[in-house]
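K.L.:
First to last, the protein sequences are chains E and Y. Following the working numbering, the numbering of the first sequence begins with 1 at its first residue and continues without gaps. Following the working numbering, the numbering of the second sequence begins with 724 at its first residue and continues without gaps.
Check before you lean on any hint, since a few could be wrong.
[Claimed, not checked] The calculated EDC-like cross-link candidates involving lysine to aspartate or glutamate, where the alpha carbons are at most 16 Å apart (straight line), are:
(1) Y:K848 to E:D372
(2) E:K655 to E:D569
(3) Y:K848 to E:D338
(4) E:K246 to Y:D751
(5) E:K117 to E:E72
(6) Y:K848 to E:D136
(7) E:K164 to Y:D863
(8) E:K46 to Y:E875
(9) E:K46 to Y:E796
(10) Y:K848 to E:D340
(11) E:K317 to E:D340
(12) E:K164 to Y:D828
(13) E:K246 to Y:D887
[Said to hold, decoys possible] Taking CB as the label site, the calculated pair distances span:
(14) E:P135 to Y:D860: 17 to 23 Å
(15) Y:E875 to E:T292: 34 to 40 Å
(16) Y:E875 to E:L416: 55 to 61 Å
(17) Y:D860 to E:S512: 55 to 61 Å
(18) Y:D887 to E:D283: 42 to 48 Å
(19) Y:D860 to E:A269: 45 to 51 Å
(20) E:A101 to Y:K771: 24 to 30 Å
(21) E:G431 to Y:K848: 51 to 57 Å
(22) Y:D860 to E:P131: 23 to 29 Å
(23) E:A663 to Y:E875: 45 to 51 Å
No lab work stands behind these hints: they were computed from the structure. In this text the structure is predicted, and so the values were computed from the model without any measurement. Where a beta carbon is used, it is the ideal one built from N, C-alpha and C, also for glycine.
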Amino acid sequence: MAALLPAADKVTFSENIAPIVYDNCVTCHRPGEAAPFPLISYEDVKKRSALIVTVTKSRYMPPWHATHGYGEFADERRLTDQQIATIADWVQQGMPQGDSAKMPKLPQFAEGWHLGKPDLILEMPVGFELPASGPDVFRNFVIPLNLKEDKWVRAVEFRPSARKAAHHALFAYAPAGSMARIDGVDGKPGFGGMGTVGIAPGQGNSGGLGGWAVGGTAEFMPAELAMPLPKGSDFLLQMHFHLTGKPETEKSVVGIYFADKAPERNMTAVGLPSLFGFGAGIDIPPGEKNYTIQDSLTLPVDVKVYGAAAHAHYLAKEIKATATLPDGSIKLLIWIQDWDFNWQEQYTYKQTFVLPKGTRIDAMLRYDNSADNPRNPSNPPKRALFGEESFDEMGGVGLNLITVNKEDEPALQKVLADGAQAAIRRGGADGTAKRYLEHQAARRPAAIAPRSIITLVDRQGKAVRTVGEQGSYSQPALSPDGTRVAVIRNDQGKTHVWVLDLSDGKGTQITSDPAPHTSPVWSPDGKQIAYISNQNEVYRKASDGSGQEELVYKHPAGPAPFITDWSVDGQLCFWSGDAVYALPLEGDRKPVVLFSGAGARGGRFSPDGRYLAFSSNQSGTFATYVMPLKNPAGKPLQVSKDPALGGIFWRGDGKELFFMGLAGLAPNGVLAVDLTLGPELQAGIPRQLFRPTGVNSPAQLSNIASRDGERFVLLAAPPASPR
Amino acid sequence: MRFGYIFVFAGLACAAGKTNVLFFISSDCPISNSYAPEIQHLCGDYGKKGVSCSLVYEDVGIDESSVQKHLKEYGYTGIPIIIDGRRKIATRSRATVTPEAVVIDTKGDIRYRGRIDNFYAALGKPRQQITAHDLRDALDAVLAGKPVPNPETKALGCYIVPPDILGK
Chain E
1 MAALLPAADK VTFSENIAPI VYDNCVTCHR PGEAAPFPLI SYEDVKKRSA LIVTVTKSRY
61 MPPWHATHGY GEFADERRLT DQQIATIADW VQQGMPQGDS AKMPKLPQFA EGWHLGKPDL
121 ILEMPVGFEL PASGPDVFRN FVIPLNLKED KWVRAVEFRP SARKAAHHAL FAYAPAGSMA
181 RIDGVDGKPG FGGMGTVGIA PGQGNSGGLG GWAVGGTAEF MPAELAMPLP KGSDFLLQMH
241 FHLTGKPETE KSVVGIYFAD KAPERNMTAV GLPSLFGFGA GIDIPPGEKN YTIQDSLTLP
301 VDVKVYGAAA HAHYLAKEIK ATATLPDGSI KLLIWIQDWD FNWQEQYTYK QTFVLPKGTR
361 IDAMLRYDNS ADNPRNPSNP PKRALFGEES FDEMGGVGLN LITVNKEDEP ALQKVLADGA
421 QAAIRRGGAD GTAKRYLEHQ AARRPAAIAP RSIITLVDRQ GKAVRTVGEQ GSYSQPALSP
481 DGTRVAVIRN DQGKTHVWVL DLSDGKGTQI TSDPAPHTSP VWSPDGKQIA YISNQNEVYR
541 KASDGSGQEE LVYKHPAGPA PFITDWSVDG QLCFWSGDAV YALPLEGDRK PVVLFSGAGA
601 RGGRFSPDGR YLAFSSNQSG TFATYVMPLK NPAGKPLQVS KDPALGGIFW RGDGKELFFM
661 GLAGLAPNGV LAVDLTLGPE LQAGIPRQLF RPTGVNSPAQ LSNIASRDGE RFVLLAAPPA
721 SPR
Chain Y
724 MRFGYIFVFA GLACAAGKTN VLFFISSDCP ISNSYAPEIQ HLCGDYGKKG VSCSLVYEDV
784 GIDESSVQKH LKEYGYTGIP IIIDGRRKIA TRSRATVTPE AVVIDTKGDI RYRGRIDNFY
844 AALGKPRQQI TAHDLRDALD AVLAGKPVPN PETKALGCYI VPPDILGK
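If we strip away everything but chain Y, and leave its shape as in the complex, we get (with noise of 0.2 Å):
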């Protein structure tokens, strides 16, 4: 599964040679809110181990001064942020919820999609205890040069509107 091109295409500016992590996100989903800590954490554990992280906007419309509030608000700082207006990520990606995280190695090649971890066993079913830590998972086998033991999981949370109904 080569991935290199959506950087041109998107014109994300991910990092060359370095592992990435782009976090599919929407502004208004209380899933996909209640995870803002949850990535900042991550993207400051992985940061340091050489991980690049970025946002994908995926919410409707939505223009940068909202996010830039959106990011005050929920404490997100240093993260590279990209509206994906015309979801051209995500249809790439094959991201469909937020959130969801899709990591991409240094090669292009896509090693994990799906749910940050299982907090939410269904929706409106949060767990009392995390018992599967995926994506971290995922970054720590990619890092090791080791194949990704869950490569793709189910991510819960809102979908994603596809482009065909976006309209207009």
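Pulled out of the complex, with its shape left as it was, chain E reads as follows (with noise of 0.2 Å):
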């Protein structure tokens, strides 16, 4: 072979090989990026040429998973046969470096925002902990915007902090706080899982906002357009992560650049099949290799196209996208012929194109459920149905797009939303339906409390005894006079409020209907319980269980409500989103913001009733504050220093006040502050009494603690059960 070569054919590093490294490799592959080492000297690469032959000609590197020649995308990483032919005879011919004065100038990278400063840059409020080694993590993050109006994002630029294990990311948003119930119950920043995050159903108002992989830079959108981000949304971030072999912590940073004005015209995403095949019935037989779904759909109207995207999860071999026109020719759109979940990105159009009205788009994904298959997540393989986790199904192809004529959008979306009801109803009838709900209800966090043992504990969180049976409960709460717990119990995914006698550990069961129940607290007599019950209804109860709930409240449709305190003066408070509540219990019912904004939750009346104590986080971090009622022109004074949310209590002669604090966003001590609430308020410093166990989401608690502050009530991991 390199005898055939003619002598000019010579080939150096500084005239052949750099050139090509430059312009393929070193966007990654240089200090500070994603990829493992640089690629940049000529030491750099020689040392690993053998590596960098295999991977160039298995076309492992520079990553990128379409067909070349199945759409023509903007920013395709691919090197060209020759090129890779180019690197092979530079190794065979011992690697020379050449003339150092005809080395290309090394590519220039942006130091900081590749965009320029952001308009509004996001920062996680906490870190997350990603453990050396183990399976591929999935992590969602809720992060607070407090957005006073309606915004159109143009661009997000995203910056991981742990550079080599973050692998891609989605951005979506959602109503604030619609997150709460699921967010940090494993005492982790944020929540588990690889749902697709802003679609799923019951969400309310939400949606995508592009994503980030590997390797990819942050672009704006085309002028005229623009995503909306209405105000009351949290920003939702779903990262992927590789483990790199060492503990490593994601801090996430993001940039969002705003347009001035609302865009002349909205992105669809036309997803195929509808729904991510929720009505394709998958349904893939274990050691099926070619398991194929597929959907089509006619454009009712001209549309133009700027993008693709692929999803699907680890069983998907093949994902593949062509457009049949009218005339009878074939455009291609995208073909990924070995999906890899590692490396999900946005494909852009190098130009836009147009598909006429009667253009029939049909997508299909063929999936591999055998042991061949490396990335089968069982082993043995299993059946596997359509599904959120890991080892379920689903997929589809995304197309970017708007119609040609703005008076078209309607025609349009009736075609979309028609093929999702198709979808739904199918979905419906062969039992998709019925297996997704039962596995979000599953999910939410009073299902998955682990078994536990209410336990009360001293001031230094001793044991001094339990009450009652084992069993899956949440939420506990002391009665006034320390001498009943009220908590919520699950029993095969329902979830009643109980009433435990602390005497002989006796349980009453307080609500019959199936509808979901949270936040049980006491009324300050201890005669009565209020609840939530059917997400976003307020009931009370007498606390023996005799008599009829009676319906006091109904919070308008969102972010689910916390009941956290009863005060003397007959109020309840509340939270929901970002605001706490007082709702009084007699006149009008109609509950009155007390502070709205910087996660405001677990709110606590004074015993006196003039002080509301509470959680917030607009230091930045989670803190307790405690804020004036009557005067509210007051500053909320900032009581906790270090990160502290819910598990709010005050003693019953208000000098003392209990908190929780926290690592990540798991409790890691109940603290103790002196108060005076004097004419001036002043707080000492927090001390730490002990760690407390089983709390999950600590801004959802009441009564922790007894009036007197000497007893405090904890969920407790049972006794090892002998096996």
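With the hints as a guide, dock the two chains, each given alone in a separate frame, to form the complex.
P.N.:
Rendered as structure tokens:
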């Protein structure tokens, strides 16, 4: 081979190899970027030459998963056959360096923000700790936005901190507080799962905001477009990590660039099959190598296409979409032949193009559920159905497009809505809907609360006694006289309010209807319990279970409310989203906002009713605040020093306040601080009493202690059962 | 395949009368690094059974202080290390990739060479489930005095740079 090369074709690093590497590798292979080592100097490249030949020949590097020629994409990462051969020849010729004067210039990369200073910079409030090894980690993080008005987003620039571990990220928004019930329930920031963020049903006003993958650079959308970001939303970040062998911490920073005004046109994502295959009857037998699903859609109007994206889990092998135009000609849209969940990218076409009315779009996904698929999450392979877990499957192709004429938008929306309706009907008929909803219900924190035993501890955290039998409990609250505990008990996915007697451990079930229940709160005289049922309805009922329940108030649909206090003068304190409310139990029963914004939650009235203690992240991290209620002009006083959230309780004399400290989003201590409520509100230095157990969502707790502050109620791990 | 003399050669303090595992690693190879916790585990598990582990660094031109930093970063503790600057150990062991494991029995015979397990199906293609624990199987066989079922497997990772292109 080498003998056939003319002498002039002598390959050198300076003249032939460096240009290839600089153009195709250094975006990632430079210090501080995702790739494991730099490929910049002659030495860098020379010492890895054999590996570079291997990875370029196999086209593993540079990473690119769309088939060349199927859709012409901007930023396609691809070496030509000629370039691959040149690298191999160079190695074969002994890797001469050549004349270093002929080296190309190293490309310049912008320091800091690629798109300039963002209009809004978000940072994860607390870092997420990644272990050194194990399976890939999927995690969703919720970052409060506190927007005062509706906005439109032109670009999102993303900066992960665990550079080598972060593989890809998807951005979305959802109503503020709507994730509160699952955020941090396992004691770490965010929540798990690889569900498609922002599209799950029942999340109200939510939507996607694009994504990022290793090597990706942020770009502005075409000038006429922008993505909506309504006020009252939280920012959601779904990240996928590859563990690197050492522990790392992820604390991403996100830069958001806004448009000045609402865009003229709305980008539509046309997904095929509809709803990621919800109605495609996905049921892949174990061992099946060629299971396919397909769907098609005929465009009712002319559209202009900007980009494409693909999504599926681990079993997918091949994802393909084509368009058949009315004249019979075929346009190749995208073809991924070796689908890799690790590289979910957003593909932007080099040039937008029009697909005329009457064009049929066909999408096909092929799955391999055999043991030969190394990515198969099950060993031996198992039947795979539609679902959000890693061993379930779903998938589809998404095309980002607009209608050519603005007035055609409704016609396109109608076709898409019909497609979704049809998918929902099919999914309802074949049992997918039922399985899916049951799975969603099982993910609620009450349902996943591990078995525990209600335990009273002293101020040192030492167990004094246990109450009743072990069970799946959450939100325990001690009665004001310290003789009973109200708690949510979960049996086979049904959550009910129970009251347990300390004297004999006997329990009374207070609620009976099958709706989910949360937030049991004691009336000051201990005779009644208030709680939430059916997501947003506030009820009260006698604490001995007698009589009927009374509907007190119905909160507007949106983020779930949680009741955290019942004052002596007959007001409930509840929070929802980022606002804390007082709800008078007599009179018009209209709630009054006590504090809103900045992550406000978990409010508790002082025993004399003059102050409110609550949690908020107005300083950047969650902390405990006390503010006067009668003279609200007074600024809230921060009484915690380190991060703290919920678990707030005033001692009966109002001179001591308890709350929970945070490490990550996990409560790591019950703290106490002395207060002087004189003319001038003053707080001492908080001291840690003990480490709590079994607390998942501290901002949802009410009476964590007895009135004298001597006994605390916790959920302890049950004693190990004998095997 | 007699092996006894490499120890003298490389100055490796190989415990006489023990089964030895050499782990060929490099500090900037992602696959090699991702195995750090598993190597540490293996050495813990088999250390109890009398197996002696060593880490053999195959980075080009790495110095002692960078090695110490790397050990700390990836949580390696209590495993003897050796910097194989001139590739003598790699050459003698015929190890070509990091990470790669070589098992030498009490008589100095190489009994296993290859991957630690099959987590990687190919470069860039990690499995969701490991289905073959080749090194553990090999060690179990050697300790039990049985033949190793698969004495040679293909290790995946970064190539060890051969001495002839180290230059200088």
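K.L.:
With reference to the structure, classify each hint as holding or not holding.
P.N.:
Structure-based check of each hint:
The straight-line distance between the Cα atoms of K848 of chain Y and D372 of chain E is roughly 13 Å, inside the 16 Å bound, and the hint therefore holds. Distance check on the hinted pair: K655 of chain E and D569 of chain E sit about 20 Å apart at the alpha-carbon level, beyond 16 Å; violated. Proposed proximity of K848 of chain Y and D338 of chain E is supported: the alpha carbons are some 10 Å apart, at most 16 Å. With a CA separation close to 13 Å, the supplied pair K246 of chain E and D751 of chain Y stays within the 16 Å bound.
A distance of roughly 31 Å separates the Cα atoms of K117 of chain E and E72 of chain E; the hinted pair therefore is violated under the 16 Å criterion. Under the criterion of a C-alpha separation no larger than 16 Å, the hint pairing K848 of chain Y with D136 of chain E is consistent with the structure, at around 12 Å. For the given pair, K164 of chain E sits about 34 Å from D863 of chain Y by alpha-carbon distance, which is inconsistent with the 16 Å threshold. Straight-line distance between C-alpha atoms of K46 of chain E and E875 of chain Y comes to about 29 Å, which puts the hinted pair past the 16 Å bound.
For the suggested pair K46 of chain E and E796 of chain Y, the alpha carbons sit about 26 Å apart, so the restraint of at most 16 Å is broken. The hinted pair formed by K848 of chain Y and D340 of chain E meets the criterion: a straight-line CA distance of about 8 Å does not exceed 16 Å. Simply put, K317 of chain E and D340 of chain E have alpha-carbon atoms about 8 Å apart, close enough for the 16 Å limit, and the pair holds. Simply put, K164 of chain E and D828 of chain Y have alpha-carbon atoms about 37 Å apart, too far for the 16 Å limit, and the pair is violated.
Using a Cα cut-off of 16 Å, the hinted pair K246 of chain E and D887 of chain Y is violated, with the two alpha carbons roughly 33 Å apart. One distance hint, 17 to 23 Å for the beta-carbon pair P135 of chain E and D860 of chain Y, holds here, with the actual separation near 22 Å. A C-beta distance of roughly 39 Å is found between E875 of chain Y and T292 of chain E, which places it inside the suggested range of 34 to 40 Å. The hint said 55 to 61 Å for the Cβ distance between E875 of chain Y and L416 of chain E, and at roughly 56 Å that hint holds.
One distance hint, 55 to 61 Å for the beta-carbon pair D860 of chain Y and S512 of chain E, holds here, with the actual separation near 57 Å. Distance hint check: the CB atoms of D887 of chain Y and D283 of chain E are about 56 Å apart, inconsistent with the given range 42 to 48 Å. The hinted range of 45 to 51 Å is satisfied by D860 of chain Y and A269 of chain E, whose Cβ atoms lie roughly 48 Å apart. At roughly 60 Å, the beta-carbon separation of A101 of chain E and K771 of chain Y lies outside the given 24 to 30 Å, and the hint is violated.
The supplied range of 51 to 57 Å is broken by G431 of chain E and K848 of chain Y, whose beta-carbon atoms lie about 34 Å from each other. In this structure, D860 of chain Y and P131 of chain E meet the distance hint of 23 to 29 Å, their C-beta atoms being roughly 26 Å apart. Hint check: A663 of chain E to E875 of chain Y, Cβ distance near 48 Å, so the stated range 45 to 51 Å holds.
Figure legend: structure checked against the earlier numbered hints; hints not met, in rising order: 2, 5, 7, 8, 9, 12, 13, 18, 20, 21.
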